[in-house]
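Asker: Each protein sequence line maps, in turn, to chains A and B. FYI, the numbering for the first sequence is 566 to 700, going by this note's numbering. FYI, the numbering for the second sequence is 71 to 546, going by this note's numbering.
Everything labelled a hint here was simulated from the structure, so no lab data went into it. Please note that a few of the clues may not be correct.
What the hints assert, rightly or not - Only part of the chain B face toward chain A is listed, based on derived beta-carbon distances under 10 Å:
#, residue
1, 159
2, 264
3, 320
4, 461
5, 473
Said to hold, decoys possible - Label pairs and their computed distance ranges (CB to CB):
#, chain 1, residue 1, chain 2, residue 2, range
6, A, 689, B, 403, 33 to 39 Å
7, B, 77, A, 690, 46 to 52 Å
8, B, 187, A, 568, 37 to 43 Å
9, B, 187, A, 608, 39 to 45 Å
10, A, 658, B, 176, 29 to 35 Å
11, B, 478, A, 691, 19 to 25 Å
12, A, 602, B, 491, 56 to 62 Å
13, B, 431, A, 665, 33 to 39 Å
14, A, 691, B, 246, 38 to 44 Å
What the hints assert, rightly or not - Far from chain A, some chain B residues (derived; all Cβ distances over 12 Å):
#, residue
15, 79
16, 109
17, 136
18, 143
19, 178
20, 191
21, 227
22, 234
23, 247
24, 250
25, 379
26, 404
27, 431
28, 495
29, 510
30, 511
Every residue, glycine too, gets a C-beta built ideally from N, C-alpha and C.
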Amino acid sequence: MFETFEHKADIGVRGIGKTIEEAFEEAAKAMFSIMFDINCIEKKEKVTLKCNGDDLEMLLVEWLNTLLAEADLRGLAFSEFRAKIEQNSLKGEAYGEKLNVKKHKAKTEVKAATYSNLKVYEDNGRWIAECIVDV
Amino acid sequence: MDPSLFKKISEYEWEIEKQGEMNVKAKIFASENLLLKMDEKVKEQLMNVASLPGIVEAAMAMSDAHWGYGFPIGGVAAFDGNEGGVLSVGGVGFDINCGVRTMSTNLSVDDIKGKEEIIADALFKNVPAGLGSTGKIKLNLYGIDEVLRGGAEWAVDKGYGIPEDLNFIEENGKMENADPSKVSDMAKKRQFKEVGTLGSGNHYLEVQVVDKIYDEKLAKKLGFFEGKVMVSFHTGSRALGHQIGMDYLKILAHASKKYGIKIRDRELVCAPISSKEGQDYFAAVNAGMNCAFANRQVIAHLVRESIESIIPHAEVKTFYEIGHNTCKVEKHVIDGKERSLYVHRKGATRAFGPKRKEIPKEYRDMGQPVLIGGSMGTYSYILLGTELGMKKAFGSACHGAGRSKSRRQAKREQRGEEVIRKLKERGIVVRYHSASGVAEEAPEAYKDVVEVVDSIANAGLAKKLVRLRPIINVKG
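If we strip away everything but chain A, and leave its shape as in the complex, we get (with noise of 0.2 Å):
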């Protein structure tokens, strides 16, 4: 499950589930579900990537951003990902295809994800990933 909440003049992302990893899937998709439909989005290119950091809440944030740059590099818009976390290190895949303004209802770009309200924390066994964005 995932969400987005508000910010005076951006937006946060989070990201719900069983596992870390679920919920760093989750708040991805948050995090392109501002810049597209991504119901529109189908799953024609996978892109994999990694990344690290010095805890889970860094790791959040590199994952973010990792996404962002990829999907930019690329000329990609992604729906779906899978990561696999061990000690602070992400191997990660990203679903989606070629970016077409039109058809995934383009919104508003992402310039970067935050330290900003950054929190990776366990709720009644629910795992929670959540920062702002700055768009």
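Since chain A is already given, all that's left is putting chain B on it; use the hints.
Answerer: Frame of chain A; chain B shown alone:
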């Protein structure tokens, strides 16, 4: 915020005295009404910034301030490298050297009457904007390094614009301290197709009309008259700048630990100016600034071509260009002594007073032009920097209206189509890429720019020269 939390210096100046871990005081320039509406986070973030090592005089926020990343948006902070001062990603932002170019024309509003729609169409077609848009310029790793070293000069050399444009850009459109080797290949590659693109979000391109003149004598000297057509646009360093921010967020996070800098908030990650990490970041920021200068110079050329293609006798000249997400080395007089400081302006505009050598000679006697972009469909202003502003705020002013509502709240209240209909009723022609983007940028989502600018003028940081009213708005 509750004004009673502050020491009132004047109607437009509020202070928090140095306390706890703060090294200097914190200061907000705003009317009581704007201060009341400002979020609590601005005060908290200012106090955090005031606690950073090597900060000089005060951590400041302008009248358009709101919650940012570590530093408030609308924040100004100067650091001394010889006193352990730092450089911080939060003090510059992800859109490095995001700023405004304002161009003047020899046209009056009557000259373009009836042509508004075709001018809007031409600008919309010729200036790439919106998510995922790319420009006509295609670069490689060698080419991008030239952009990062040359800035706007690179663009003019390539045939985008005229050499005179460079005279009216801050730093003549080129930062000498830029070092492309401090910028990652990822940042460079992302920019291969993005030079000359406007972007999305709050980035815009407007055709405006001089609507009110505040200083008749100076306005006349500068060629302003009521009804004069101007063009302004707001954009930055695009993907390259964003990626520099992302890359150095991690590098500076490590540096904060390595050098044992006490930060009160993770967002304030920073490195000493004197450290390798700090100097690398500064060299990368300067490269990012050049990228923004080049980007705006290419767009200026596209704007000029578009207008001249419709009105052949049109002359479109650069009036001025200034960034508002910057960190620069500047000389300032503190307690009678001149010091070299690293001044961070995050969502704040440089506003140097008269006589400074950084100001183009045509404007030097009157003060640096300060370009304040309103929100979509509202007034923009041109002000002039003052001597008092040099003393009070390192020669700085606000940068825009500043958001007052979240993007989601703005979208909930109004659909993009509704916003466009209302603008149309007021005679503003709008072209846009994303209707939801328009809803997010609705005038109602911003503070009242009139009050924001009046606060700065009344605090004496800058004086009002002219007010501009939009007639065409192209949204990213």
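Asker: If a hint holds in the structure, say so; if it doesn't, say that too.
Answerer: Here's how the hints hold up against the structure:
Of the supplied interface hints, the one on residue 159 of chain B holds, with its beta-carbon coming within about 9 Å of a beta-carbon of chain A, less than 10 Å. For residue 264 of chain B, the interface hint holds, the least distance from its beta-carbon to any beta-carbon of chain A being 9 Å, beneath 10 Å. Among the interface hints, the one on residue 320 of chain B holds; its C-beta lies about 7 Å from the nearest C-beta in chain A, closer than the 10 Å criterion. Restraint check, residue 461 of chain B versus chain A: the minimum CB separation of about 30 Å is more than 10 Å; hint violated.
Interface hint at residue 473 of chain B: satisfied, since its Cβ lies 5 Å from the closest Cβ of chain A, which is below the 10 Å cut-off. As the Cβ distance of residue 689 of chain A to residue 403 of chain B is approximately 58 Å, the hint placing it in 33 to 39 Å is violated. At roughly 49 Å, the beta carbons of residue 77 of chain B and residue 690 of chain A sit within the given window of 46 to 52 Å. Checked against the hint of 37 to 43 Å, the pair residue 187 of chain B and residue 568 of chain A passes, with Cβ atoms roughly 40 Å apart.
Checked against the hint of 39 to 45 Å, the pair residue 187 of chain B and residue 608 of chain A passes, with Cβ atoms roughly 41 Å apart. Hint check: residue 658 of chain A to residue 176 of chain B, Cβ distance near 57 Å, so the stated range 29 to 35 Å is violated. Taking 19 to 25 Å as the suggested C-beta distance range, the pair residue 478 of chain B and residue 691 of chain A conforms, at roughly 23 Å. For residue 602 of chain A and residue 491 of chain B, the Cβ-Cβ distance of about 23 Å falls outside the hinted range of 56 to 62 Å, so the restraint is violated.
About 50 Å separates the C-beta atoms of residue 431 of chain B and residue 665 of chain A, a value inconsistent with the hinted range of 33 to 39 Å. Evaluation of the 38 to 44 Å hint for residue 691 of chain A and residue 246 of chain B yields a failure: the beta carbon distance comes to about 52 Å. Distance check on residue 79 of chain B: its Cβ is at least 26 Å (rounded) from any Cβ of chain A, clearing the 12 Å threshold; non-interface status holds. Here residue 109 of chain B does not stay apart from chain A, with its beta-carbon only about 6 Å from theirs, under the 12 Å limit.
With a minimum CB-CB distance of about 5 Å to chain A, residue 136 of chain B fails to clear the 12 Å threshold, and the non-interface call is violated. Separation of residue 143 of chain B from chain A is inadequate, the least Cβ-Cβ distance of about 6 Å not exceeding the 12 Å criterion. Chain A leaves residue 178 of chain B outside its interface by the beta-carbon criterion, the shortest separation being 35 Å against a cut-off of 12 Å. With a cut of 12 Å on Cβ distances, residue 191 of chain B stays outside the contact zone with chain A, its closest approach being about 18 Å.
At roughly 27 Å, the least C-beta separation between residue 227 of chain B and chain A is larger than 12 Å, which holds for a residue marked as non-interface. Residue-level check passed: residue 234 of chain B sits 32 Å from the nearest beta carbon of chain A, beyond 12 Å. The claim that residue 247 of chain B is not at the interface with chain A holds, since no C-beta of that chain comes within 12 Å of its own (minimum 23 Å). Every Cβ of chain A is farther than 12 Å from the Cβ of residue 250 of chain B; the closest lies at roughly 18 Å, confirming the non-interface assignment.
Distance check for residue 379 of chain B against chain A: the nearest CB is about 25 Å away, which clears 12 Å, and the non-interface claim stands. Once the 12 Å rule is applied to beta carbons, residue 404 of chain B is consistent with being away from chain A; the minimum gap is 31 Å. Non-interface call for residue 431 of chain B relative to chain A: holds, since the shortest CB-CB distance, roughly 36 Å, exceeds 12 Å. Non-interface status of residue 495 of chain B relative to chain A is upheld: no Cβ of that chain comes within 12 Å, the nearest being about 25 Å off.
For residue 510 of chain B, the non-interface assignment is contradicted: its Cβ lies about 6 Å from the closest Cβ of chain A, within the 12 Å cut-off. Chain A draws residue 511 of chain B into its interface by the beta-carbon criterion, the shortest separation being 9 Å against a cut-off of 12 Å.
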